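Based on these hints, arrange chain B on the given structure of chain A.
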Amino acid sequence: MKVAIFPPNSMILADMIVRGGHEPLVVQSEMKQKVTSPEIDAPPFNMTEEDPIAGLKYAAIEVPSGVRGRMSLFGPIIEEAEAAIIMNEAPFGFGCVGCARSSELTVFSLRRRNIPILELDYPTSRDATVEMVYKINTFLDELNEKEAKSDD
Amino acid sequence: MIKIAQLSCGTEYSGIQKEIEKAAEMFGAEMVLPDVNLDDINEAYEKFGLSCASSSLKLMIARAMSLVEGKNDADAVFICTCFRCAEGAIARNEVRRLIQNNTNLPVVTYSFTEKTKASELFIRMEALTTVVSRKSILAREKQEGLTLGIDSGSTTTKVALMENDEVIGTGWVPTGDILGCANDAINQALEGTCYKLDDVEAIGTTGYGRITIGKQMGAKLIQEEISVNSKGAVYLAGAQRGEATVLDIGGMDNKVITVNNGIPDNFTMGGICAGASGRFLDMTSGRLNVDITELGPLAQKGNYKNAVLNSYCIVFGIQDLVTSLAGGAKKEDAADAACHSVAEQVYEQQLQEIDVREPLIQVGGTSLITGLVDAVQDILGGIEIIVPEYSQYIGAVGAAMLVSGLKDTDIDDSKKF
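Each protein sequence line maps, in turn, to chains A and B.
FYI, the numbering for the first sequence is 1 to 152, going by my numbering.
FYI, the numbering for the second sequence is 1 to 417, going by my numbering.
Pulled out of the complex, with its shape left as it was, chain A reads as follows (with noise of 0.2 Å):
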């Protein structure tokens, strides 16, 4: 299953998707196309105009550039996500969108999806670690037991 995550860009979330055997859907995949196209030259992401007006599909106009561009990028992931996992209060070095304004759209687009969830605060304990991967783990294996249900 294509699983979308937040912070879009957590590599420890993404990881643990892959090894849950599913596919993880993560911002980087998105930026890889555009640093590597040699089409655009608007470094350092190659991010250009038409990208903040591609975020119009998810935002007004009256909502920051930014947020439009940011969101050129997520809401392609949120619109082809199957389930997702959603970190909340993560430090930064998790994996961050950069604005606050951004990770609220993100969010509630991806519960807006009416796909499956699994929404955790960040461990602050070695227990609450232990039981996030536990849950993350159980979710994964319970995504695993739908696909093979609709797949019969």
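No lab work stands behind these hints: they were computed from the structure.
One thing to keep in mind: the hints can contain errors.
[Claimed, not checked] Calculated cross-link-like contacts (lysine to any residue; reagent style SDA-like; alpha-carbon spacing at most 20 Å):
1. B:Lys-47 with A:Ile-86
2. B:Lys-47 with A:Arg-111
3. A:Lys-57 with B:Gln-352
4. A:Lys-57 with B:Gly-381
5. A:Lys-57 with B:Arg-357
6. A:Lys-57 with B:Gln-377
7. B:Lys-135 with B:Asp-265
8. B:Lys-416 with B:Glu-30
9. A:Lys-32 with A:Cys-96
10. A:Lys-149 with A:Ile-117
Just so it is clear, the structure is predicted and the values come from calculations on it, not from any experiment.
This is chain B only, laid out in the frame that chain A set:
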């Protein structure tokens, strides 16, 4: 008394709460704040799922949820947040979607500054109250008898004379002196018919000058252009049943209205700058030294990609045009670029705020600029666009049609204002 639920953030601290209430009062409505318990706020907003940092937005969301869940009742909804607040803009849009997806209440959204005055809110409040209080009038689908509609717009004054469901005369005059222009346009409409003004059974007015003209001429119907235009549009386009979107790119402001069975249920008005209006195309045709009527066919021969013209401001837009022409762009490419620029801005600033429903009925004087219609269709991914006959007289036809339902009643709007 019509109850308009206010879902907002920042109106008190911006100093405009009184202006909102004044605008509502003008049209016999009152603003109400849906009651929510303190304990319910967190629950409601967590259920909604948008994690706002501002507690006033949390309250706004909780109030919206209470309307959706039927804990509070209202006849219409006014949603507003401060201009330039990103979080407010996100919340405003999502709350609008929540209300529209889960209730039948007409909704208006607005982003305000400290300079917002009641007069700017009048048309929005009037449209909201009209949709609620005049539902039976708006349900009319046929014109009867001999009636006259006057649309006093910011750029032009239009008149339509109708008899038994047919337009029998039209008048079109650039707006200057409001009453003088209306008289000239009326004379144009009567010309060639066997009727005099005294033969007309009822008059309806709409547009910026509607109250002045309506009072002077004893109009039985004096109504804002949102409901009148949408009625005229679906009537002329033969789309009175089902859903449609009406797009009017005007001389000074733009309107996008979604309609269900002929009754508007949502609309958005305005634009950041005249760069997204008919005025820009008027100035473009002046620069290109062609008549405005030739701009559309000229644009159809060009390719907008060959001329850079994409500014949010009419001044910079014209500068772009001059630069493009100086750089060797052809007239037809510049004309097409101007049409695309306006269409793009209307899309970015307004069509995004509304769920566009097919067919899209494009009306107003700018709907005659074929290149602009093509550009709108192109930007919206090729959706069905109807430009009905008399599309530039849409407000006048709507007023003539609606007032025919009042000609034998005691309703007389000219005594109301």
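> Quick one, are Lys-57 (chain A) and Gln-352 (chain B) close enough, alpha carbons at most 20 Å?
Replying inline: holds (7 Å)
> Are the Cα positions of Lys-57 (chain A) and Arg-357 (chain B) separated by 20 Å at most?
Replying inline: holds (16 Å)
>> Holds or violated: Lys-47 (chain B) and Arg-111 (chain A), Cα atoms, limit 20 Å.
In response: Holds - the C-alpha atoms of Arg-111 (chain A) and Lys-47 (chain B) are around 10 Å apart, at most 20 Å.
> CA of Lys-57 (chain A) to CA of Gly-381 (chain B), is that 20 Å or under?
Replying inline: Answer holds: Lys-57 (chain A) to Gly-381 (chain B) is near 13 Å, not above 20 Å.
>> Against the 20 Å threshold, does the CA-CA distance of Lys-149 (chain A) and Ile-117 (chain A) hold or violate the hint?
In response: Holds. Lys-149 (chain A) to Ile-117 (chain A) sits at ~18 Å (cutoff 20 Å).
> Taking only the CA atoms, is the gap from Lys-135 (chain B) to Asp-265 (chain B) under or equal to 20 Å?
Replying inline: Within the cut-off at roughly 11 Å; holds.
>> For Lys-32 (chain A) and Cys-96 (chain A), compute the direct alpha-carbon distance and say whether it is at most 20 Å.
In response: holds (17 Å)
> Does the structure keep Lys-416 (chain B) and Glu-30 (chain B) at a Cα separation of 20 Å or less?
Replying inline: holds (18 Å)
> Is the straight-line distance between the alpha-carbon of Lys-57 (chain A) and that of Gln-377 (chain B) 20 Å or less?
Replying inline: Within the cut-off at roughly 17 Å; holds.
> Is it true that the CA of Lys-47 (chain B) sits at most 20 Å from the CA of Ile-86 (chain A)?
Replying inline: With a Cα-Cα distance of about 16 Å, the restraint between Lys-47 (chain B) and Ile-86 (chain A) holds, given a limit of 20 Å.
The earlier numbered hints are all upheld by this structure, with none contradicted.
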